[in-house]
Amino acid sequence: MGHPYLPLTAEERAQMLKTIGTERIEELFKVIPSSIQTSAVFDLPAHNEVETAKIFNRWAEMNTPATKMVSFLGAGAYEHAIPAAVKYLAGQAEFLTAYTPYQPEMNQGLLQAFFEYQSLIADLTGMDVANASMYDGPTALAEAVLLAGNFTRKNEIVVFPGLNPEARQVVQTYTRHSGLKIRFLSPADEPGGSPLSFLTEQTAAVVIQNPDFFGRLVLTKELLSTIKECGALSIVYINDPTSLAILEPPGSLGADLVVGEAQAFGLPLSFGGPYLGFLAAKQTFLRSLPGRLVGKTTDLEGREGFVLTLQTREQHIRREKATSNICSNQALCALIATIYLSLLGPAGLQEVARSSVRNSHYLFSQLTRIPSVKAYFNTPFFHEFAVDPGSLPPDFFTKMKDRGFFPGYDLRRYSPDFASGLLLYTSELRSKEEMDNFCTELEGCLAW
Amino acid sequence: MGHPYLPLTAEERAQMLKTIGTERIEELFKVIPSSIQTSAVFDLPAHNEVETAKIFNRWAEMNTPATKMVSFLGAGAYEHAIPAAVKYLAGQAEFLTAYTPYQPEMNQGLLQAFFEYQSLIADLTGMDVANASMYDGPTALAEAVLLAGNFTRKNEIVVFPGLNPEARQVVQTYTRHSGLKIRFLSPADEPGGSPLSFLTEQTAAVVIQNPDFFGRLVLTKELLSTIKECGALSIVYINDPTSLAILEPPGSLGADLVVGEAQAFGLPLSFGGPYLGFLAAKQTFLRSLPGRLVGKTTDLEGREGFVLTLQTREQHIRREKATSNICSNQALCALIATIYLSLLGPAGLQEVARSSVRNSHYLFSQLTRIPSVKAYFNTPFFHEFAVDPGSLPPDFFTKMKDRGFFPGYDLRRYSPDFASGLLLYTSELRSKEEMDNFCTELEGCLAW
Amino acid sequence: MVKKERPAFLKETSTPGRRGYLPPVSDVPTVPTGDLIPQPFIRQTALTLPELSEMEVTRHFNALAQRSFGVDQGFYPLGSCTMKYNPKLLEDLPQLPGFQGLHPLQDEATVQGALALLHHAEEVFSAITGMDAFTLQPAAGAHGELTGLLIIKAALTEQGESGRDTILIPDSAHGTNPASAALVGFKVQTVPTSSAGVIEPETLKPYLGPNVAGLMLTNPNTLGLFEEKILSITKMIHEAGGLVYCDGANMNAILGWARPGDMGFDLIHLNLHKTFATPHGGGGPGAGPVGVKKHLAKYLPVPRIVATPEGWRWNYDLPHSIGKVKGYWGHFGVIIKALAYIYQLGYEGLKQVSSDAVLAANYLQTLLKEVYHLPYDTPCMHEFVLSGLRDKQPAVNTLDLAKGLIDYGVHPPTIYFPLIVPEAMMIEPTEAVTLELLNSFVAIMKELARLAKEEPEALKSAPRTTPVRRLNEAQAARQPVLKW
Amino acid sequence: MVKKERPAFLKETSTPGRRGYLPPVSDVPTVPTGDLIPQPFIRQTALTLPELSEMEVTRHFNALAQRSFGVDQGFYPLGSCTMKYNPKLLEDLPQLPGFQGLHPLQDEATVQGALALLHHAEEVFSAITGMDAFTLQPAAGAHGELTGLLIIKAALTEQGESGRDTILIPDSAHGTNPASAALVGFKVQTVPTSSAGVIEPETLKPYLGPNVAGLMLTNPNTLGLFEEKILSITKMIHEAGGLVYCDGANMNAILGWARPGDMGFDLIHLNLHKTFATPHGGGGPGAGPVGVKKHLAKYLPVPRIVATPEGWRWNYDLPHSIGKVKGYWGHFGVIIKALAYIYQLGYEGLKQVSSDAVLAANYLQTLLKEVYHLPYDTPCMHEFVLSGLRDKQPAVNTLDLAKGLIDYGVHPPTIYFPLIVPEAMMIEPTEAVTLELLNSFVAIMKELARLAKEEPEALKSAPRTTPVRRLNEAQAARQPVLKW
Ligand SMILES: Cc1ncc(COP(=O)(O)O)c(C=O)c1O
Ligand SMILES: Cc1ncc(COP(=O)(O)O)c(C=O)c1O
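Protein chains in written order, with this note's numbering: chain A, 1 to 448; chain B, 1001 to 1448; chain C, 2001 to 2484; chain D, 3001 to 3484.
These aren't lab readings, by the way, just hints derived from the structure by calculation. Possibly wrong hints are sitting among the right ones.
Mimicking DSBU-like on lysine-lysine, the simulated pairs with C-alpha atoms at most 30 Å apart in a straight line are [unchecked claim]: (1) K181/A with K3298/D; (2) K2004/C with K3004/D; (3) K54/A with K3298/D; (4) K2004/C with K3446/D.
A few chain A residues that don't get close to chain C, going by computed Cβ distances all over 12 Å [stated by the list, open to error]: (5) E11; (6) H47; (7) S186; (8) P187; (9) L217; (10) T284; (11) E301; (12) P346; (13) S372; (14) K399; (15) E434.
A virtual CB, placed ideally from N, CA and C, is assigned to each residue, including glycine.
Let the hints inform the model, and build the full structure from the sequences given.
Structure below.
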């Protein structure tokens, strides 16, 4: 019986074998040693579409999605409202089923979209140039760190406290064999003095997340100038770039490299992926950048057009001397971010940021009214903050879940330093009523 | 504040007013008597996308969809498996957001799709020609009846027993002022002899549903020949055209007009609409047909192309002398049916029909083993059948629903003649296990 | 890279044995179909559906999409059709399993959300139009007309006025109006439009008599003009014993500004696919709900949604009803979309819709009348009708101008309608425009006027950028080829 | 009607005050943002995003789509990329609220279905490749390579073999292989391909030494040839103290026919976006899960999914692990699609996939070698590499031939790769073909050969049917313009 994904029919196959001059398909595989062929069998039945959909639906229904809860879980992945148009526009077959536009004449649409993406990211971050995407925030940061090491030929990286732990772990993995020494400062290092005291002559770059993992605002012009004076590059990591709608862009503050996670730009939470890494830089680093770059040029009749450019940095040309090994990237996610930003516009993005900020500050004020709940930090924050709720009952998360709440990120997962911390995030999707109810339920839960 | 659906900005509006030579927008409306303007106010707040989606989600969640139940409810609307591709292919913006292709050069794609739809319907029904769609099955039948009256200039219509009650009611409404006398035979008329005995010289047409509302197979060559011999036209009504995959097409049996409901061709149940009426006919009726027709022609360079044709039948040209008043039709639904049929192909459609038949006969055999359950008819049936379960407990439907079943159509809604009848439908989606469980639960329920 | 040749027919690329979908297969004990269905019923005629893989079907319909043009592709000022933007959220909602999976005959207890929604839609349409009750059953505008005329017939019959067999219809009306009247068995009498483009009470007067069942009036009318004397007109008809039907196809001009219910109309249909942004789908499905004043409510189609202590129910017990005009309850999926659109705009937003639609039309009218002949030179509502070029060019007609537009990527306006305007071009920009778009349309229209004068051949031979050139419609009608 | 001029940039059509979306707005008591965020942090630099309505955004991205070309538009025999058909069902599944709405850091108890699915995917990939354990974390093929090389490094280091600093890579390998090795700090030594297009054990031998960490091998290799001596090769490397990595990008040739795990490979990455039909998305996202043999399992990235009495859990307690290579757990959405594809085909179907892919490639190779130069003239696997025209035409090169194809609506093959074949054209039809399609491709390729001889200018000036003609790549690189 034919299969919908296998267009060739038995007759066509026979005719093709005949043209090739072969009797049986097995002959085309006879170069494969027979011992290998014999063991290649495995057990896997076929399912029709309805059966397949049923099985996956069953898996899906075994989960409790954050989006159906009143969720305060952020900690690196941020639920925001996604305009309905995004799915329809990004899902068009011409985008979805194409590959990297190696043949520019045939794919001017994709190339222009990526060019617009680069432009939007550069504008938003205040940088000269952005590439066409990285796998995600953590890998984008790891690549930026490697870039800084290679560019400066120095061998130390200082990472400010409050880096997203996912990013921290990925940087660790990526740099393990690079010769770079990474100094991850912990929040505990802070009180002992400025993190700047850890900079040395050998410091290639300083990594600063802003807002940091705890939601804190830490990036200032002064800080970046000092780093520059110390001879190090500054790499700013942004985990929710909707913040750029109301925060001064790192480029304007003097950052050298700005990288981050742009999932917040229209990508669903989707259990952590696919997401979208972005990487923006000062012009100086242009030829050291990893990843695809789309450039504007002209055709032989003088018409404007777009091509993949500066490919001599890339693995398919430079092989082991390439700036990175990245090949397939997050093209469709970059397209989604572009559509998201086009729909939101400056007013929309500002509203998202402002509403998130207002909600988080309201929640903070209400939570810290509960006697046992203390703020962890006394620092300005964006849309996320850490509190110490005293001690949590053992089944706290289950109890709150049963009441319809995901009460944020359990900071004990971040570090044993936090005996009972909660990191709480609010997007524009939270309402006053939800937050009030949450505070009531939380207080009830804490009084065990 | 701007609105996403209102592109004009305040400044643009001002500039436009200036060009027009007007100060205020109100001036453009001043032809409207002020008393009318004053009373035009109503109370309706605006909602953003998230709010709107929430409200509609709430309405949706207040329902128990048949598709989430083990449902045996058919009775004119038939759940079948819908290939995932249908939605993506039919939902393309070029199709979705176009209107009737009045400008053929710009819309060859739509026109070709409708031409292919006409071809598929004509082929399936065995007729010479099909139009580009009607609102739904019932209205298609009503128009066919009117056509028959006009064409023959006779004034009686005989409708065989077992016509879908929705279709019956719509025919009644449409023909009330037409001068046609419609004789609806009831199943009760049958035992008294052949329905053919009701034909007279004045009979314009005979309407036969096949399979009929009770799932019965009633259409034969002999029947249609006899009708022809009586000088009447035959109109065959088909409520689930997947049946045509294994039943001899009415065209081959001699039908004059074949109409019906093609919801089964890839359209979701959707609480009854939008659905898809089809209308196919012998060549003789070509210039009497209602609705759009797409024809093949050539362009001025000899290239093949498609246009709306024979428009002189239509209301926008002939006004009160038109064959019908239909203008907007079910174009997108016809496109969906075309995609469905292309994906299913002959083998797929036959499997759908065969599985439905096998399931219904299995269910019939299992149900009629229950002592209190009796078959209503002793006639061959397709994928639906009527049984008399004895008497039903008062909360029968609720009880069965709580067990996960929609136990079919309550025939008491059809006619008080049925003291406790159930009309049960099985598609290819039902499994043996579901049917066995159903029989067990039903038996339990009946033993109250 | 759109190819010139038409994509092969599905049938032409069909190959025996290929599959595009594997449906679920019955798992009950196997019995040959022949044992279940008696031989005389079994298909003998070959089943000639195409046999294709999913990929081929996908490429086919993608190729057809590339040869089609919708609102999402560009400007579509097709007069009388209100080709506004179709918001994407609207597509999501009817696909919710709780809507899409509902069988129309489910127990009412299991569809309370759907009934609540539909009932609410009736209320919202009433509020917008100033009517008292609505039916959602009609499938499209013309179907709404049919419904409305059946109601008129029923009401008059009940009043013992069945002798009233004539419906008055202005000569500017859409073809569906007379066709619908005829379908209900009415005679049609055509009322001429005045030189000002509207119906004058004086003109109407002679038509009034004991035979008059009513008047069908489109307001604003198809010339894009508001019937200024509407209050007198509806009063006259009422006094003459008739009813007044509003063809609401042009509601996009007056949302929040005027309500037909306040103008004396007794009943109205709405075109949800026009006014309320539900996509036109290449010609449908639309929806044509009909609203009536209280005195006609009892004639509305069965069933009606009613509130009962047990929740929403279908009420069939309406002895005066005209009956059903359609299977089930109307185009549920379309109604959901329309309601979601209305919800997002609210009263203020809807009023702005009409303000902008009227503003855009007047802006275009002001600039285009410089080069095109504007037969009714007065501020318009949401659309206006040009009558060819001001500076008539014998070689070039409206059809040529329309085809010329295509080469600029603009969908032509409605042409040769209304019938009373020679060489008519009926332009309806809708509110979904930017100033830039309007200006570029004006520039193109002026360029066409220039071409008409200086290079008429360029227009006669348009379009040139499309996969086919001008098509031979006469041949299509003379030797109809309606299937492959 | 695709216009020649590029669609205006979003920025160019931006108009102050226009809105494309209204997000929800906070309803807590109003406090000016400035009171919440200290002044020094507040944006001073203007925010220059485009301001557009939903309609304009829609038309923009529709216009861009019309200027793009995917598998759904036509034949796309881009070698090494496995541009097979992307079934539509796959798009539905990741959008289920129970998948799409999951936050990656939810309590494990609330994501049991997701963990079960992921764990099952690991098992299925193991069965298909003959490996023992899988990580789903890598985002793409190159990322899988990086992961694999980190594992090799970790394993060698633990064995006290950190002196092994060199990875052997055939000269035919994809550029990601050496680049990945370098990223992990390995030296790269290139192994030449034999005249038969494969690696000969004899050639390999001299490279083996105490510095060798391992070999990265693509099998079938990028010439489309199965490494016949694979068992000897892997044995040699193992005996020399190294590990063997399989670049699994070409798995589409051997599904159900051969498993890298049975060939002596220690580890492998899969390209889900190639072999398992997940769409390429214009360049991503893909997914590059890595499978290993038992002895390497302890080095896989943290966390790993484990079964516990309380259900599925993330286990971070893996002291030998290389750590995390990516945020969270990999491309969940992509993995769902790949698994759904595999589920629909099963073992038999997957084997047929490879049979058909290999059959199609050999069919094309047989017919095309009549006019194009086939440097390795032997039956191929799922792809083959031509080296320009048989009958060389000085004026025409592979680039011209590729551009010529575009005018026939076919996406060109991969060109100038692998680097060892001059004027390479790497053709991979995949199994998603019909005989008609293959024959029409052959006819086009032969027509190009004719043109190359008789009308070379026609090819030098190709493409002509696209919105832009050949683009000046040198200028783009010399004066980079990377933003508007
Ligand atoms: C003024 C007018 N009335 C009635 C109709 C008929 O509406 P429908 O096409 O929905 O049947 C139209 C449609 O074009 C119209 O423009
Ligand atoms: C042979 C081979 N190896 C590795 C890769 C890299 O895979 P990815 O693009 O998914 O990173 C490719 C991609 O083209 C390839 O063809």
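List in ascending order the numbers of the hints, as given earlier, that are violated by the structure.
3, 5, 6
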